[in-house]
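S.K.: Protein chains in written order, with my numbering: chain B, 1 to 395; chain X, 1001 to 1301.
These are calculated hints, taken from the structure and not from any lab test. None of the values given here were measured: they were computed from a predicted structure. Beta carbons: idealized from backbone N, C-alpha and C, even for Gly. Be a bit skeptical, because a hint or two may be false.
Taking CB as the label site, the calculated pair distances span [to be verified]:
1) X:L1088 to B:L84: 55 to 61 Å
2) B:P359 to X:F1121: 54 to 60 Å
3) X:I1155 to B:D205: 43 to 49 Å
4) B:I215 to X:A1279: 26 to 32 Å
5) B:A384 to X:R1096: 37 to 43 Å
6) B:S111 to X:L1088: 40 to 46 Å
7) B:R310 to X:L1102: 52 to 58 Å
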Amino acid sequence: MPLHPKEPLLTDSTSSSLLFFALITGVFVLMGCRPEVPNSSTKMEPILIGFFGALTGNAAGLGQYTEMGATLAVEEINASGGVLGHPLELRREDNRSLAGESATIVKKLLSRDQVVAIVGDANSGRCLEAGPLCQAAGIPMISPAATLPQVTEIGDFIFRVCFTDPFQGKLMAEFARKNLSLKRIGFLVDATSPYSLGLADVFRDRFTAEGGLVIGEQRYNGGDKDFRAQLTALKADGVEAIFAPRYYHSGGLILRQARELALTFPMLGGDGWEAPELIDVGGSAADGAYFPVHFFAETPTPATRDFLDRFHRRFGKFPTGVSALAFDTLQMIGDALRRSNSIRPKSIRDELAVTRDFPGITGLITMDSHHNAQKSAVIVGVKAGSFQFVSVIEP
Amino acid sequence: MTEFLQQLLNGISLGAIYALIALGYTMVYGVLRFINFAHSDVFMIGSYVGWFALQRFQFQQPSFLGGITVLTLDMAVCALLGVLIEKLAYKPLRNRSTLTVLITAIGVSLLIQNLAQNQKFGFGPNPKAFPPLFPSKQLQFGDLTLSTNQLAVPIVTLGLLAILYWIVHCTRTGTAMRALSFNATAASLVGINNDRIISFTFALGSSLAGAGGVLYAMNYPSIDPLMGTMPGLKAFVAAVLGGIGNLPGAALGGVLIGLVETFVSGTRLSTFRDAIAFAILIAILLFRPAGLLGKLKVEKV
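Please take these sequences and the hints and turn them into a complete structure.
M.R.: Structure (structure tokens):
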């Protein structure tokens, strides 16, 4: 006959009572109960912040620049005394730019390192993999540069500090139609990337609404290196420009092969094109490429000028948009920690959600009700092997 | 029509690279009857050797002579690597079953890939931009466009195929290779040094992979340690399509696969490109197992 489950615990056996206490303790440990403020006996124990991104692999040009921005922010916060009397420590994990790796490494950050917040990958797809885990664990995840709308729809613990794809797709469509006076455009999209497909959809809607025509749409598989067949087909369709939203890695190869096929018209991309590698691989073929970026110091204010200098002094190169966003992300986490006066992830989340007019390098940051920051975008063009300011678009 | 011709040119230039890799697969298969899966990694190493050579020499301007020097050096290094792989991994297994050697080949392939990805001992996992090798120009034929880089691939492939054909059919070493492929025991009975011939075969095949690696990197100037996998598989399909063990067959198969891929990519079916390439492999294995140019051998039991 089965016993009532509580029966052995309520009887007087000593071992049972011990088991009871062990269970209770275990439950509390599993719930991730943390002290309100860090333990005062270990005064200098660091507050752990997780970071996952593409430190190696095809998207490393984005991931490494993100990581540098985050590192600089942590170092500067610590140099000025840390937060709540404790230094911050960044725990870095690398997803090697591969799909399917992020869940594993984020689990590691959540369970082994017990981080209080996580800085997400710049890649939207990777954030979709990791977001549900952070949401379930109740740890806030802030992506510096994941632009896919679905990322922050995962739940109330997920934030972003950049503009979204509907915004950048729309502004690139308007830029193509109005500034470049293009009428007939072709798409070259990665069929395996939600980012690429999503941006193409937004672009199409806006571009046709403005009286333009999308007359050719070609697809490729992630990791492809040969785009000549697709480009030739688009050329035969008679397009006046090509929109190819994906990362700099395929972007450079697409630009190069397009020019080799004597396609001299403008090539448009998304924010994923912003990395020095676009020009390394594309070479002179990169001229005539246009894409939106999150931050571009064309007429630097004293604050941005100073940031550029500090970044350059620390890493020997100038930051890209994702570096500035990651820097702001960490500063915002520090700010939320200070305001909540606690390292409880729940209160950090609550404070992050009410961030208003936070003065970041990339502009004033205000979280809207969907946990997205409303940000302006700068369109840059490539001329003579360097990124040049074209125009700035407010949200 | 213009589009068709342009796609034809694109397809031939892509296919010529597959052909170059397929030749290596087919030669080793012809002599040893096993698929050297590490071949695609020799291809990858080939492009890195080219990259290092270009860094080291620091040519002011890409020149024809410099390009040829890098290509030759690259082929020599890859030939050595091929021999090394053969001596270390395959020679000790000479009298084991083919399956054992095949699994070892996969192991060698994974070993090279992972060593190459290592930041300390290898090249690191991040893609590198490949600098220009030959001076490149755009050629215009009416509406058709072709870069000299693209044109170089079929020319080099044809040249190497001719040299290879000459070695196999007109030299003593080539005769020994053919003898070995007919019957290894009988070949050694008539005084052929089997080990030496097998090493030579590996050297020859690997140098072709090295050349392929450089030509591929020249046309798709972003190289990484896993870049060999897909072209390697496609070239394997090409070798089977043409009739594995048959040299002109491998070249033909390579060009056919390149053409099929290009024509599929230019249509709405572009994302099914790889699926179609591998469907061809399955179809060939079902309906013409010996390949297009291969002769079906009846095995006596």
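S.K.: With reference to the structure, classify each hint as holding or not holding.
M.R.: Outcome of the hint check:
1. X:L1088 to B:L84: 55 to 61 Å: holds (58 Å)
2. B:P359 to X:F1121: 54 to 60 Å: violated (46 Å)
3. X:I1155 to B:D205: 43 to 49 Å: For D205 of chain B against I1155 of chain X, whose Cβ atoms are near 47 Å apart, the range 43 to 49 Å holds.
4. B:I215 to X:A1279: 26 to 32 Å: Check passed, 30 Å falls within 26 to 32 Å.
5. B:A384 to X:R1096: 37 to 43 Å: violated (60 Å)
6. B:S111 to X:L1088: 40 to 46 Å: Roughly 42 Å apart at Cβ, these two residues keep to the hinted range, so it holds.
7. B:R310 to X:L1102: 52 to 58 Å: Taking Cβ atoms as reference, R310 of chain B and L1102 of chain X lie about 56 Å apart, which means the hint holds.
The structure fails hints 2 and 5 (numbered hints given earlier, in ascending order).
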